[in-house]
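Chemist: Residue numbers (the numbering used here), protein chains in the order written: chain C, 1009 to 1131; chain Z, 2 to 324; chain R, 698 to 843; chain P, 34 to 695; chain U, 153 to 415.
Since the hints were made in silico from the structure, they are not lab data.
A portion of the hints provided could be inaccurate.
[Said to hold, decoys possible] Simulated restraints, written as ranges between beta carbons of each label pair:
id	chain 1	residue 1	chain 2	residue 2	range
1	Z	LEU289	U	GLU334	28 to 36 Å
2	P	GLU83	C	ARG1022	30 to 38 Å
3	U	ARG255	R	PHE704	30 to 38 Å
4	P	ARG561	Z	ASP227	21 to 29 Å
5	Z	ASP298	P	ARG642	32 to 40 Å
6	Z	GLY28	R	ARG833	36 to 44 Å
7	Z	LEU289	U	THR322	54 to 62 Å
8	Z	PRO145	R	GLY770	56 to 64 Å
9	Z	ILE169	R	ARG833	51 to 59 Å
10	Z	ASN287	R	GLY770	52 to 60 Å
11	Z	ARG68	P	GLU83	41 to 49 Å
Computed from a prediction, not measured in an experiment: that's the story for all the values here.
Heads up, the beta-carbon is just placed ideally off N, CA and C, and yes, glycines get one too.
Below, each chain spelled out in residue letters.
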Amino acid sequence: MMDTIKRISGVNPRKCMKCGKCTASCPAFDEMEFHPHQFVDMVENGRIDQLMQSRGIDFCLSCFACVERCPRNVEPAKLIEAVRLAVVRQQGGDHLRPEAIPHLLDENLPQQAITAAFRKYRK
Amino acid sequence: MQERLKQKALELLENGTADRILGWKIGEFFYDLTPAVFKTRQEIQEEFVYSPFAGANLSKYLIAESRKGGKVAVFLKPCDSYSFTQLLKEHRIWRENVYVVGVQCGGMCDMEKLRAKGCEGVLSVGEDGENIVVETLYGTNVFPRAELLEDRCITCKSKKVVTFDELIGEQGTELESDRFSQVAQLEAMTSQERFAFWQKELSRCIRCNACRNVCPACSCEKCVFDNPGSGVRNKAAADSFEESLFHIIRAFHVTGRCTDCGECSRVCPQNIPLHLLNRKMIKDMNELYGTYQAGADPDTKPPLTDFTLDDEEPSIVHTRGGQ
Amino acid sequence: MSVNNEFQPTIVAFCCNWCSYAGADLSGTNRLQYPANVKIIRIPCSCRLNPMFILRAFQRGADGVILCGCHPGDCHYTTGNYYARRRMTLLFSMLDYLGIERDRTRVEWVSAAEGAKFAATMNDFAATIHKLGPNRRLEDLRCRKD
Amino acid sequence: MQRVGVFVCWCGSNIAATVDVEKVAEVLGQEPGVVFSTHYQYMCSQSGQELIQNAIREHSLTGVVVCSCSPRMHENTFRKTCEKAGLNPYMVEIANIREQCSWIHKNKEEATQKAVILGRAAIAKVHLNAPLTAGTSPVKKRALVIGGGIAGIQTALDIADAGFEVDIVEKEPTIGGKMTQIDKTFPTLDCAACILTPKMVDAAQNEKIKIYSYSEVQSVKGFVGNFRVTIKKKARYVDETKCTGCGLCTEKCPQKKVPNAFNLGLDQRRAIYIPFAQAVPKIATIDADYCTMLKTGKCGVCSKVCTAGAIDYKQTDRFIEEEYGAIVVATGFNPIKLDQYDEFAYSQSPDVVTSLEFERLMNAAGPTGGTLLRPSDGTHPKTIVFVQCVGSRCDDSKGKSYCSKICCMYTAKHAMLCREKYPDTDVYVFYIDVRTPGKNFDEFYRRAVEEYGVHYVKGMVGKVVPENGKLKVQASDLLGNRQLHIDADMVVLAAAIEPDKSARPLATMLTASMDTNDFFTEAHPKLRPVESPTAGIFLSGACQGPKDIPETVAQASAAAAKVIGLLAKDSLICNPCTAAPDELMCNGCSSCEKVCPYGAITYIDKEFRGPNRTTLVRRVAQVNPAVCQGCGACTVACPSGAMDLKGFSNKQIMAEVDAICR
Amino acid sequence: MTYSYFPGCTLKTKGKDLDIWGRASAEALGFHLQELDQWQCCGAVYPMAKDEIATRLSSVRALMAAGEAGQELVTLCSACHHVIKRVNRDMQTDETIRDRVSRYLGLQTPYAGETTVLHYLEVLRDRIGFDNLKQKVVNPLTGRKIGAYYGCMLLRPASEMGFDNPENPTILEDFIRAIGAEPVVYARRNECCGGYCTIKSKDYARKQVDAIMENARACGAQELITACPLCLYNLTENATDGLPVAYFTQLLAEALGVKEEQK
């Protein structure tokens, strides 16, 4: 599984020097039980299952602040995305069902929000 | 033209400008003009020749002649004058001992082309403006010069006499020529095709050294191929230091010094187009390091003894395209 | 010695004493591997490399020749590698023109600190030469007519 | 043919583990001309060297091949060994079977085979070696120090102490360098000016030391013992011999809006200025970029008030030529630009400062007179956040790959001083690691935490948002697994340090090598740390790598010791591997002269005997062996092969090629 | 000058104002946006996974269509720009992706990212020039204090987007200056507004938006402009007490006098 995550993401977690700048930059910190630096560490140490079960993976905003500010070019967002993909690619792993959509819509919600949600939360 | 040159030679000898005259005389055949030194009025009158076969480049002979004491006068065609200037740049010719008469040139003729015209029993060949007049046993033939020109003269790069003390005829100018078109053709081939081409050409080499001996740039006191100390001495292809390497090294040694006079190909008894090697280097230098014409002036630094900080990397050979 | 019928190329690496030879030493110090068929000849500066040496190597059976020198601007002798750069560019161009495989010759700038680059370069070059196969075209063009 | 002895070294197991040394010795023993071949555990040891010497005597060897480690390591050792046994030292060749064989190959057969081939190449070469005698060249007993910071000053003082003349070239109007801007020094907290300014004065008053301030090195020619240096004295528009340093002009100059570089632009100075009160030399300088007189030709106030008549608007750059035996580089460092790290809002708020700016804000001679005030509104900051490793320890695409080394300690110092002076401030330090190797360093850092109550947080700041006069700092606390949100008044960034920009062009002039970060490389990272690989060039201070003051001073003195060792010699032994022409073959064509970087080649007209008792005069090249450095550029430029390089001759190299390719 | 133009799905529906005024202003500024004939939705998120090919195809098709027309490809929506620009870079630099995409699309010659992708703002800055834009302004928005809201997708990752300094961008501020208004610089202009979570957690999105609004207001902004429909939606809908937010093209059209003409 660790190799799958590394392959999907193309990230080498060993480049991390544990400075915590990703976590310092993360706007979704409060919504995540594991924070970006922990993602990197846990992938490196093979604790993927725990990450896959965490609800935080759906809260990453893909804002790339962690990617931009990481001094070592580790790209934590790609790891989080890879873990999320590992989840939604599983049978029944979808996080969002088409039935739920109408309920979410409002008059002004742009298409891209839905499209993005579909891309992110289901396969 | 021959008469004007003869008169000039006599005049220079008689008014004391020169003790010796470097010119041409008939060799084995009428079309085989060979360089010669004339010391007396009689010699000039009897033997001095100038004809459309006076292709031999006299400049190289001045390395030795200019050091012999006294003054030597020489006739230099435009392309010879480039070689002469290049040798001056290399401090090989003692300029103060040389009196240069620049001779304008309409292009030299190729005996093979004359033969192809079906001329037999040729007695003499003369010039008449843009025509070549051939006297034969069977009468007089007149051909336009353009039809008989040597290949190197068809792509003549310049009619300018670079260095002279006196000029016979008008000063010419540098010409637009497509002398690199054959090189470009070769470049467009695949590597395998080029290899086959050169294998076919170079494998005919008999190492007679004619190319080297005639080349004004190959004027070393002792050639590396004759020098036991160089580690690469060899004569005929006795052991493994072969023709290709001889020609590669020769081409490399004259890179930036070769004026593209074309003598190497003219004298090759095997008709190997050796000038295509030198032209390739000239073309490359022009493209990579800016246009440079060896012998065009006495000052400009040759590309191989110069550099810029942002020269192309050797990998350009891989990346610039071609196959 | 092991009997190995697989093509084992002979590769000559000319290294300038100040940067690349030291870079080669550094890759040794760091135990970075590269093929044993790469043999290094030490020259004081890349500008000492006479084209004759390269041709000689090919003639005597080398399958690839590489020149390593200080990075442009870092030459121990200030300008040597600039001359080498021009000479090698023209030589390689001429060899290419004669139909010699382009990949048999290479120039790489390797500093004394680039042990890893040295090893990587040699590995890459050896792989390239291995792919090209034995050098045939720079052998005697006249004697050898197949 | 030489009588060659082959000596294969095991280097303990370094070589012997992967190379069958016995077999190498045996196979090489069969090579033509080899009359003796052996192997030994440590050829460089005393007994190994004796082994070689005995073999030279017993077997009348005329050539020696040592198969061992890199010639860069022990070539000299073995040359000396052989010399003692009566063999010319240049009859030794080394086959590098350690760095270039045993250490990079795992397969023993392969490695053994390669070692044999390398040995053969060395044997083939040594057969063509000729005894060489090194010439000597005189040493100019004067040193040049480039850079007048603490490193340069210390080096100069030490060299002068030993009785040699030494010049300092400093590009700023005063010597002193970065240390003049620093407030206190760790770990003792004594004031930087108090320990530096006496040294500056010492340097100025020392008869052996000459200071070229506001000057730069323009060009360097020559070689060890005989450098010829052109120094550019930049026009300061003030006659140095007349200016008394009274400072009246710097008070009267009407152009007041010049950013004060000494205070890093935190305040302003006049167009004519003396950087600070203790400047050495204390001479005014006109800043041509701002001076109204120089720009428009109207003003002249300074000239009017100067009673010494020192102002000279017509002054131009002057060039001075000097000769030196040795050159010391002491060009120092600078903090990096922070444009790339604006998540810390350095360019968006004046209250986000670099550590060096913070030094000025704490300094009694600084823009705030030593009271810590916010640059934005002049209030006392109550909460201060220090951020470590800004631009250091980065991936190459994101900043400097190295640790800047000094930041951990100066930040501890800053934090401690803040708490000491203003106990009501909250001080946070965000760190990745705290690196405090050094005498009394870790104790110092612990005091900051334990006695002074500085909050050290393992984590990093991710974003600084200036808002309503506060700096909202968002950071991570990795040990607490939380995100911190601090309303700070001031943020201090420990910016990475990098070599001064002048170092790169200087390195080119000196032909001294640099690493990819533009730090000068040392001749050996452990054993020759203060010498450049280029003979006669020495390194002092942070130009070689980040250093704190104690380390800088130590290295400065070490460099001085090396310089003194060089200048104490009357002459130097030259490299005998120089180019030499075979006059009989020389065309006199000047190709070699055009490519010689040292101007070592000249031409003479020489008479030769020709055939039939004639004589011929020919122009031939001459090489000055004291100037030639042996690069070999000329040998390839020479079409006739007349020019060859001793020790690396055409034949020798081709013999190696043949041996390798056969 | 004519550019190929990729509008994207949102600009055809909820984000019409971004599109309409962008195009109208282009004409006023002397360049033409030629809508690609058959564009498909870009997918709204860049596929970070290296093994996803299908999600890159629509971008590649758009890029190739522009390439065939011999034009540069212009986008207006930040999300589209982000996706297309990064996919283009994948095609340039990632051999595996390039090969797989080329095989998937059955290309004779692989597409290797030859097309240039420009955001509308980059066209203004690098092709038109803000000084020239300033010349064309007929209704300078004098006195208006406008904060630029960049969001994430135009700026990050800077190594791939190459748009502006990711931590202290200036392109929108320069734009604001060019149309005669006063730019207000505030630090949170490049912090995420939480738009992607708007359908997941309004509260969370609100927290982000409020922080941005507070920061912008504290720095003196009276209104915000953006290039992203999702940001605009989020900043408008999920703000507790927000500033008005508009698309930058709306103000551009206003300044160029295009709006009145069309009224």
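Chemist: Each hint: holds or not?
Modeler: Tested hints:
1. Z/LEU289 with U/GLU334: 28 to 36 Å: violated (54 Å)
2. P/GLU83 with C/ARG1022: 30 to 38 Å: Since the Cβ atoms of P/GLU83 and C/ARG1022 sit about 50 Å apart, the hinted range of 30 to 38 Å is violated.
3. U/ARG255 with R/PHE704: 30 to 38 Å: holds (32 Å)
4. P/ARG561 with Z/ASP227: 21 to 29 Å: Between P/ARG561 and Z/ASP227, where Cβ atoms are some 47 Å apart, the hint is violated.
5. Z/ASP298 with P/ARG642: 32 to 40 Å: holds (35 Å)
6. Z/GLY28 with R/ARG833: 36 to 44 Å: holds (42 Å)
7. Z/LEU289 with U/THR322: 54 to 62 Å: The hinted range 54 to 62 Å is violated for Z/LEU289 and U/THR322, with Cβ atoms some 41 Å apart.
8. Z/PRO145 with R/GLY770: 56 to 64 Å: Distance hint for Z/PRO145, R/GLY770 holds at roughly 57 Å.
9. Z/ILE169 with R/ARG833: 51 to 59 Å: holds (53 Å)
10. Z/ASN287 with R/GLY770: 52 to 60 Å: Violated - the Cβ-Cβ distance for Z/ASN287 and R/GLY770, about 26 Å, lies outside 52 to 60 Å.
11. Z/ARG68 with P/GLU83: 41 to 49 Å: violated (59 Å)
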